[in-house]
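Protein chains in written order, with the working numbering: chain P, 42 to 371; chain C, 205 to 1003.
By construction, these hints were calculated from the structure, which means they are not laboratory data.
Just so we're clear, the structure is a prediction, and the values are computed from it rather than from any experiment.
Just to be clear, a hint being listed does not mean it is correct.
As the list claims (entries may be wrong) - In the DSS-like style, the derived pairs of lysine-lysine whose C-alpha atoms are separated by at most 27 Å in a straight line are:
id: 1; chain 1: P; residue 1: Lys112; chain 2: P; residue 2: Lys43
id: 2; chain 1: P; residue 1: Lys280; chain 2: C; residue 2: Lys694
id: 3; chain 1: C; residue 1: Lys694; chain 2: P; residue 2: Lys333
id: 4; chain 1: C; residue 1: Lys686; chain 2: P; residue 2: Lys221
id: 5; chain 1: C; residue 1: Lys626; chain 2: P; residue 2: Lys333
id: 6; chain 1: P; residue 1: Lys221; chain 2: C; residue 2: Lys621
id: 7; chain 1: C; residue 1: Lys229; chain 2: C; residue 2: Lys393
id: 8; chain 1: C; residue 1: Lys694; chain 2: P; residue 2: Lys272
id: 9; chain 1: P; residue 1: Lys218; chain 2: C; residue 2: Lys693
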Amino acid sequence: MKEKIDQVREDFLKDSSSVNNSDDLEKIRIKYFSRNGLYANLFEEFKSLPKEEKPKFGKLLNEEKKSAQSKFDELKKSIESQASKNTEYIDLTLPGKDRELGTLHVLTQTLNEIKSIFKGLGFSVYTGPEIESDENNFEMLNFPDDHPARDMQDTYFINDSFLLRTHTSPVQVRLMKNSKPPYRAIMPGRVYRNEAISAKSYCLFHQVEGLVIDTDVTFAELKGTLVYFAKQLFGEDVKYRFRSSFFPFTEPSAEVDIWWQPKGKEGKWLEILGCGMVDPNVLNNLNIDSEKYIGYAFGMGIERMAMLKYGIDDIRLFFDNDNRFLNQFK
Amino acid sequence: MIVSLNWLKEYIDLNGITVEEIVDKLTTSGSEIEEVIDKSEEFKNIVIGKVEEVQKHPNADKLSVCKVNDGQEIFNVVCGAPNVAKGQTVPFAKVGAVIPNGKFEIKKAKIRGEKSEGMICAEDELGLGDDHTGIMVLDNSLKIGEPLASALKFNDVILDIAITPNRADSLSHIVIARDLAALFNRKLKLPNLKTQFEIVNKSESAEVVVENQTGCPRYTAVVVKGIEVKESPEWLKEKLISIGSRPINNIVDVTNFVLHEVGQPLHAFDLDELSGSKIIVKDNGSKNKFITLDSKEREIHSTDLMICDGEKPVAIAGVMGGENSEVTNKTKNILIESAYFNPSSVRKTAKHLGLSTDASYRFERGTDPNGTLKAALRAAELIVEIAGGEIETKVIDIYPEEISKRNVSLRFDRINKILGFKIDNEKVLKILEGLEFSISEHDDKIVRVEIPTFRHDIEREIDLIEEVVRIYGFDGVPPIEKISNTLSKKIDETNFEDELRFRLTALGFNETVSNSLISDEKTMDYSRSIKVLNPQSMEMSRLRTSLIPNVLMNISRNIKVKESDLMFFEIGEVFKSENDQIKSFEDISEHENLIIALTGNKNKKTWYQKEIPFDFYDLVGLTNKSLAKVFANIKVKTQFNLESSELFEYSFSKNLGKEILGEGGKVNRELLKKYEIENNVFLFEINLSALKSFDQKSNRYYSLLKYPKVYRDFGFILDKNISYNEVVKTIKQSSSNLLKNVNLFDIFVSESLGKDKKSLAFKLEYYDESRTLREEEIDKEFWKTIEAVKTNLNAELRG
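Using the sequences plus the hints, can you model the full thing?
What follows is the structure, given as structure tokens:
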């Protein structure tokens, strides 16, 4: 019996290797798998085997037939697909069937990049309302009433005590009012300035503010953090400088410039953010011990970052939402 | 503020320091230089020339052809000036020069057939005066060929400095010189005063009474008699012109000069015009009009501080003098006012007048109360020098309560603690002294510093630390490479929105970001909207109550540029108030909305598919997909509405109990017309803040199904008005929990099916998580469902 099975297998493999078309295939089907085919014959013979040999050969025979059948099916498939290829029209260079992707606004993309850099440094992310109280937006942040510092930020007022926030710093105030230090957070959001709309300024823009308050932070850490940030965003070889400046809520205060060298044009220093050590007055206003705790804060405009990063020359483009503009940032 | 480098050199030796170094140090120490104008650059290629020969132009009566010598070569120059003559020394612009007035470049040219290789310049063309009657004829002693800039000593560099509001004292040349002295470790040279004087409250020639002492803590007046008002000498005019201030006459020019030298605003009154030779400083008391020396009528409030004479107001204190007492050509005797006015008082007045002057700008930032006398005497001495006359030795000085110098202590280790690195104590002391702070006492731990009164901004230890690091240089701060991070809980309040954004862009939406200030007319919920008190324009006078106006404006704008197939979404704040008066945050409802909008076609026409326009069902499907994760956790019900509203022709809403969370539909034509949109628009807007407040369902793993699913298809003909929802409800009610999904795969509406009939075809999916289903059991269940649909909905099973 064993020899017979081996013989049939050998024949089948030999025959199947020379199949070229469906006619050859049909011949094989009849020879091996039909009612009177070779495998049917083998099963017929199997019936007359002695009882003790039946389990052994039964299993073997079944496996043999199964493997031959699957080999046959494979052959059939390949012959059929060959045939269909010969009739189907094929031009592989036709444009692919694509789907339109949506895209995040370039401001969101820029913010995401900024968020991921700071989240990597262990910063939390907080938000706050756009209508703010004079108290949170100015008073608590050491802008005395009737002080020229208030002129730095042209304000939209709702009434005497409410306004559209001019910076995201009131979120700092909220954080400090609602929880105890230490803090390590960034606060992104929309801010408003009552400025004439032009290519360079809009009535609103988006800011990311940072606040770190702990017992052992220093200006050197602030500088290290912001230098790291600038390198992450603008590249390892970014040229930067820290320039002394003034903000009512920080002291010492500085602005950070990076050297900007557009191709074929004269290079110049461009301001990218403002920063400083949280003014003790702010900490005292919020009942934080300014001897024990030291803080630093920084703030940057997302539009400005995006304009630098992508070479966008008109801030209004961000808010026009021209689809041709949006689609450029896929 | 404009500063002249030449002027600065009067107070500090800047030898050996380049302009670049000055600009860099000033900028990094807080006086940001916004522009550097090199005056000699302006006169590049303009030299002293000699006219060697003048001949009539052969083809033009009014032109001459000249030979001009630049010291090396002779050039042929066509000149139109009537006064050009042989032997003159002239400013000669060579080829390549850019004429300062008009900014045009000199090129080789042929004028009426004659070669011309340069230009002989007139005074106005060089920006040196107004004269255009002819060429400028220079002194014959000037060296031929020398650059004009150095020959005329135009070697100045002008710096435009941005001043931060804390540094009122930066508003003069001496203060910039003081910073430079500290930065470059040089000596500051201040002008010396020679006058011997005696302080009085009242002299023979004048009297000063200060009624409002809070508004005017100090008033100093110096009288100079017998002056002659005339044009200022060249050196003074040059100085003022260099910083862009127009010379007027020798008296006014001196007061302006001293203002820019020391930062103390001065005003010169014609003493003979002051009734009773008296100055009274007091509140205006009533509302009236006053004509300032620019001949403009100004409205004065009762609380404005005024300078009056015996009868009438003569100046708005700290802002501007009056026309009635200004110095004229006839003036013989003057009273120089040098006062210290209260900053906030001046600020209030200047603000309501809408008038910011050199004086008010400085007063409102705080001038030096102890510098008034020196400044007045400095001016008086200069006046005597250039206008003659004599200074009255009795100087009036009303200063009842002296404002004394503050004392501030600085701990050396606090500098280290704040900055994170050590600056040597010696270095710290040197910086403080360089800024004219006097050291009262110090040991190795602490230093006590006396702050001069011109530095209003130095009150606390931290202010001194800032001064130290400002002068030390931020460049010197080492950026540390390790940070401390307290391991407290980290939160990201923007995660929820970011996840939604991710889903929406994956679905093909583009994100928009729009202006939250819109016009009254476009405001949706007008009665509850919030108005901005001081809008820039009527187009931006209210805060949006919905994102719908934004999205429609965006669509309209895009259609105009032929971008008409759009899928937009935006996440943004909307604002409402139930009360007319906003007194607290409770009166404001500000929350975040999400809007999605569809218009035009879903896809472009391509070789494999036709264009398919967006429809209502796209909106419903995309709404459900984008918010699936949020809705999975709360019992949100969808309600459909065929009736049209102002907003929608037909719509659906997402409700939680009775509360409508969001609403969407096909936008009403009438509304679209307002935005000039003709295409269909489908949009859905939802309150995200409300959704955000629910706990988010987190994904959970279920073991994969081990048993086969079984499917059954069927189709029915039924009445057209029976909704899909009703059919599905019937199917589900008649089935056991083995039925897992119902999928509508065909819908056909045709009269051929019978009047008002339609056909629906479904595929039903059955499985059990714990066993293989038997065919017979599903058949039984399936037939039960068929019967239910047939009898309950009067439907006919299709073959």
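Checked hints:
Between Lys112/P and Lys43/P, the direct Cα distance comes to roughly 21 Å. Compliance with the 27 Å bound is thereby established for this hinted pair. Between the alpha carbons of Lys280/P and Lys694/C the distance comes to roughly 32 Å, so the proposed pair goes past 27 Å and is violated. Between Lys694/C and Lys333/P the alpha-carbon distance is near 23 Å, which keeps this suggested pair within the 27 Å criterion. Using a Cα cut-off of 27 Å, the hinted pair Lys686/C and Lys221/P holds, with the two alpha carbons roughly 24 Å apart.
A C-alpha spacing of about 19 Å is found between Lys626/C and Lys333/P, which places the hinted pair at or below 27 Å, so the restraint holds. Of the supplied pair hints, the one linking Lys221/P and Lys621/C holds, its CA atoms being roughly 21 Å apart against a limit of 27 Å. For the hint linking Lys229/C to Lys393/C, the alpha-carbon distance of about 20 Å falls within 27 Å, and the restraint holds. About 24 Å separates the Cα atoms of Lys694/C and Lys272/P, which keeps this hinted pair within 27 Å; it holds.
Proposed proximity of Lys218/P and Lys693/C is supported: the alpha carbons are some 17 Å apart, at most 27 Å.
When held up to the earlier numbered hints, the structure conflicts with hint 2 and nothing else.
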